[in-house]
Structure formats: C-alpha cells, structure tokens
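Undergrad: Can you join these two chains into the complex? Each is in its own frame, and there are hints to help.
Here the protein sequences line up with chains A and B, keeping their order.
Just so you know, the first sequence maps onto residues 1 to 112 in my numbering.
Just so you know, the second sequence maps onto residues 1 to 118 in my numbering.
Incorrect hints may appear among the rest.
[Unchecked claim] Straight-line distance between alpha carbons at most 35 angstroms, and here's what the computed DSBU-like set of lysine-lysine pairs gives:
| hint | chain 1 | residue 1 | chain 2 | residue 2 |
| --- | --- | --- | --- | --- |
| 1 | B | K41 | A | K42 |
| 2 | A | K56 | B | K40 |
| 3 | B | K40 | B | K18 |
| 4 | A | K42 | B | K40 |
[What the hints assert, rightly or not] Residues on chain A that point at chain B, a partial pick, calculated with CB under 8 angstroms:
| hint | residue |
| --- | --- |
| 5 | S32 |
| 6 | P44 |
| 7 | L46 |
| 8 | S49 |
| 9 | N53 |
| 10 | A99 |
| 11 | L100 |
| 12 | F102 |
| 13 | G103 |
| 14 | S104 |
Treat the hints as calculated values from the structure; they're not laboratory data.
No residue lacks a Cβ here, since even glycine has one placed at the ideal position from N, Cα and C.
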Amino acid sequence: QKEVEQNSGPLSVPEGAIASLNCTYSDRGSQSFFWYRQYSGKSPELIMSIYSNGDKEDGRFTAQLNKASQYVSLLIRDSQPSDSATYLCAVTGGTGRRALTFGSGTRLQVQP
Amino acid sequence: ETGVTQTPRHLVMGMTNKKSLKCEQHLGHNAMYWYKQSAKKPLELMFVYNFKEQTENNSVPSRFSPECPNSSHLFLHLHTLQPEDSALYLCASSLLGTSGGAGSDTQYFGPGTRLTVL
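The following block holds chain B by itself, in its conformation from the complex (with noise of 0.2 angstroms):
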C-alpha cells in the first residue's frame, strides 16, 4: 500500500457512457497526477494538479475532464470514450517543496483503473 487508492479498480462502459475515476491520497502531498498506460507503450502524463491548481494538461482530449476539489482528491470524468481510450489509468500523488529542488519529485502510485472501452 502507497498511501493512494483509486476506485474503481476496474471499469467497463460504452461509448455513449459518462464516469468517473476517483483517486485519493492519504500522504499529506499537494501535487496530484493523471496517467495513461496503453499496452506496449510508456506511460503517458495527462493531468498535473500542484496545491489544487492544474498546472500541466499534455494535450489530452476533452473527452477526459480532472478536476481536483483539494490535494487529497482528483477525479477524472470520463465521457464518450473511444475504443482505443481503454487503458490502465493511474493516479500519483508527491511532495513539492517551495523550492522545487531535487528530492521534491518523488511519486507514488496508487493501483490504477483498467478501463475497457466497448
């Protein structure tokens, strides 16, 4: 256990669907991240959210909305998906110092959504 869970841990829906991914962190961090793991592919940045605020969005498709209500919580709303959007969807949370140096990067894991589109 990390200290970050992610619910639901599994998750299939239609195209026409609306969800939600929920991730939540228990280590007291202010920074929160969004990524997508495709088969046979690194891992891919999505969202970062630093003290609430999002600060980096990697050109994802408006299909695919965070929003981050405090530094404990970030959610990714899900809404006509495509087929080629099933992934394995993961949630890091880490601690930023004010001064940003080395040290303040650090990230941990939660266990991830697998999302299967239909």
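The following block holds chain A by itself, in its conformation from the complex (with noise of 0.2 angstroms):
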C-alpha cells in the first residue's frame, strides 16, 4: 500500500466549477497535511497546510481533514484554466519524521 495515495487523474472540469481533489494516507500518526501546486516543469509550490480536523478555507481554496478515515481534501471554487496543474499532497510522519512523503499527485484540466 502506498503511504500517500491520489487518484493520478486527469480530472477535468470546467471554468467556474469546483474542483475536488482527493487523498488518502496510511500514517495514522500524521499530524502535518500539506496541498502543493506544481506547474509542468517547475517546482511545487504550497496552497495550503491544514493540522486539524475539519475545513479550513483560504479564497478560493478549502482543504478538508478527516483523520479517523485517513482522508484530506482540496476544493478549488471557481475553477481557472490557470488552476490546470497538478495538486500533490504531502504527509508528514506521525513518529517525528519531519520529511514530507508525496502522493503522485492529481493533473487537474480547467476547460475554458
């Protein structure tokens, strides 16, 4: 079993849409969940970081955590073509590892 799973997508919707993004993970000590944005070609860049059960919303962003069922989330609320990326979750260990463990991510296609 993968530590972090994502659906690899593509998950397409469409501008003005939300988007819902998807992860699981196996750690049930985790205590860090991070959503990371990554352009074709360059680096990941952090959208949120969410520590504690429940929403937690910024703009355009909501990241959902759910750690009896091992789940975190992100919605995208109207969808851009500028959002068409890929979303990687990132985990970090709950025995004091501080080093992120990445899903595979999810390419995400906004259609005009």
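TA: Following this line, the structure appears as structure tokens:
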C-alpha cells in the first residue's frame, strides 16, 4: 500500500466549477498535511496546510481533513484555466519524521 | 520567489563527470532537504539536514554525496552518475520548532535543477 495515495487523473472540470481533489494516507499518526501545486517543469508551490480535523479556507481553496478516515481533500471553487496543474498531497510522519511523503499527484484540467 | 534558490537551473553531464548542485535559503530556516522527481513518479526524499546534521538518508546511492556547511547552504555532489539519474532535483527548507509539533513542517521549494545524464 502506498503511503499517500491520489488519483492520477486527469480531472477535467469546466471553468467556474468546483474541483475536488482527494488524498488518503496510511500513517495514522501523521500530524501535518499539505497541498502543493506544480505546473509542468516547475517546482511545487505551497497552497494550503492543515493540521486539525475540519475545514480550512483560504480564498478559493478549502482544505478538509478527517484523521479518523485518514483522508484529506482540496476544493477549488470558481476554477480557472490557470488552476490547471498537478496537485500534490504531502504528509509528515507521525513518529517525528519531519520530511514530507508525497502522493503521485492529481492532474487537474480546467476547460475554458 | 520562495526564498530558496538553486543553481544551476539546468545541467547536462556525462557519466564520468563530477558536478555539484547548490541550494541556498534566505528564510532563516534550520532544516534543508534534497528531493528527486523523475518523470511520472512521485517526489522522492533523498536527504534531510537538521541544524547542519544529516538526519535522514533515504537509501540513496553513494554517487550522490550531500554537504551542508551551514543552515543556509546545501550541496549535492554528483559523480559517476547513470542515465537513470536524469531528473529534476529539488531543494526545500523548513523551520523546525524545538517541540516539533504541527505547524513546524511547512517546506518551501527552490526552482529545481533539471539534470540530464548522457
């Protein structure tokens, strides 16, 4: 079982729609959860971090965390063509391991 | 700009060459990381340095040799690489609190070095 799992996509949504990206993780003790956006040929860019159960909103982005289900998601409202990228879910270990474990990413395509 | 710089941005080298990748962070962070990203594969952690001390080596071949002279600089020395080592090499940094609790793990990435081994 992969430590961090994401659907590779592509996830295609029309402009203005809500894009929903999902991620599951295997380490039940994980404490910190991140979403990064990566454009082709570029480095990952931090979008959101979330540490406690529930929702966290920042502009058009909402991260949702459910530790009991070991599930974290990212919602993008009013999707724009510029949101087209690969979205990486990253998790830190629960045993004090600070390095991030990344999922393979979900490619999002926003159709104009 | 994230405050993490990497040089060179692109590097082409032969299998017998020796080269070094450089990373510098201007964020006052105390931990630095090397990641490898190959085509169609997840980001792979290579090395972790915490307060200049290597705390993690993720089974990386010895042809990759990291160096961290201080908390702001990180190098990756390369020698006798193989074509399969061609990838995007990413440096990241973070500020680790003494408690190590949630919130202390946010990592910021540099732009990466695109390495091609011929």
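Undergrad: Each hint: holds or not?
TA: Results of checking the hints against the structure:
no.: 1; hint: K41/B to K42/A; result: holds (15 angstroms)
no.: 2; hint: K56/A to K40/B; result: holds (30 angstroms)
no.: 3; hint: K40/B to K18/B; result: holds (27 angstroms)
no.: 4; hint: K42/A to K40/B; result: holds (14 angstroms)
no.: 5; hint: S32; result: holds (4 angstroms)
no.: 6; hint: P44; result: holds (5 angstroms)
no.: 7; hint: L46; result: holds (7 angstroms)
no.: 8; hint: S49; result: holds (6 angstroms)
no.: 9; hint: N53; result: violated (12 angstroms)
no.: 10; hint: A99; result: holds (5 angstroms)
no.: 11; hint: L100; result: holds (6 angstroms)
no.: 12; hint: F102; result: holds (4 angstroms)
no.: 13; hint: G103; result: holds (6 angstroms)
no.: 14; hint: S104; result: holds (4 angstroms)
In summary, the structure is inconsistent with hint 9 from the numbered list given earlier, while agreeing with all the others.
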